[in-house]
Amino acid sequence: MKSLNIYIVEDEPIIVSTIEVALRKQGFYAVGDAEDYHTALRDIELLKPDLTLIDIQITGEKDGVDLAKALDQKKIPYLFLSSQTDPSTIELVKQTNPLGYIVKPFTETGLRTNIELAWHNYNQSQQHFITIRHEGRFHRINEETIKYLKAYDNYCYIVTNTETFLVPHTLKHISEELKGDFFLKSHRSYVVNLKHIHSVDKNSLFLDNDSIPLSASQKSLVTERLKSI
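If you're matching positions, the sequence shown starts at 0 in numbering that gives the first Met the number 0 and goes up one per residue.
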């Protein structure tokens, strides 16, 4: 499992320090913390942590549930880390979509286990597949493995990490089937998976051993989107 970057929303400094130490011991990185809604939301959008740990009671008029609702709207993953387990609080929490609810006081191994399960479940929920027919057989392809699409008349090449498929559909048709928001048209004949791009030059994108064209009209959009990947 990769070393996750984790943001902490907690208004008691001693608890923040305890969480940071526990995270480091378990191989995670604490990338920042905040004690109030507005600072937390600003930092999370700027730092883009893998996960955020949110206490219910934080400084200010807005609490952790309010922050959770804001993160839900932005589709940003988080867990609650709170000592509150009363029925009224749980009813409020049910209005949100956390990846988990860790009860304080926590153990270091319990913290790690909850974080690992949350990250696993989040990744599973983000996976999308496309089903194609190629040489008489149906193939179910994980979108994450698709490097790019290439138009070929009324056909389309689908280039993945391990195979290349030629399907009897247009580039437009296949690209509209994809659900991942990491695909972007880089040229009139190409749609690229931004996650596979290693480098960019004046008119090309480089993906492992492949390079594909980058049109002048798309360059600013591609480079801007790469900043958020």
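It cannot be assumed that every hint is accurate.
What the hints assert, rightly or not - In silico DSBU-like cross-links for lysine-lysine, where the CA-CA straight-line distance does not exceed 35 angstroms:
#1 LYS149 to LYS61
#2 LYS93 to LYS146
#3 LYS201 to LYS226
#4 LYS146 to LYS47
No lab work stands behind these hints, which were simulated from the structure alone.
The model shown is predicted, which means the values in this text are computed figures rather than measured ones.
Hint check:
1. Straight-line distance between C-alpha atoms of LYS149 and LYS61 comes to about 48 angstroms, which puts the hinted pair past the 35 angstroms bound.
2. This hinted pair does not check out: LYS93 and LYS146 have alpha carbons roughly 38 angstroms apart, beyond 35 angstroms.
3. A hinted pair counts as satisfied when its Cα atoms are at most 35 angstroms apart, and LYS201 with LYS226 qualifies at roughly 17 angstroms.
4. As the CA atoms of LYS146 and LYS47 are separated by approximately 24 angstroms, the hinted pair is consistent with the 35 angstroms bound.
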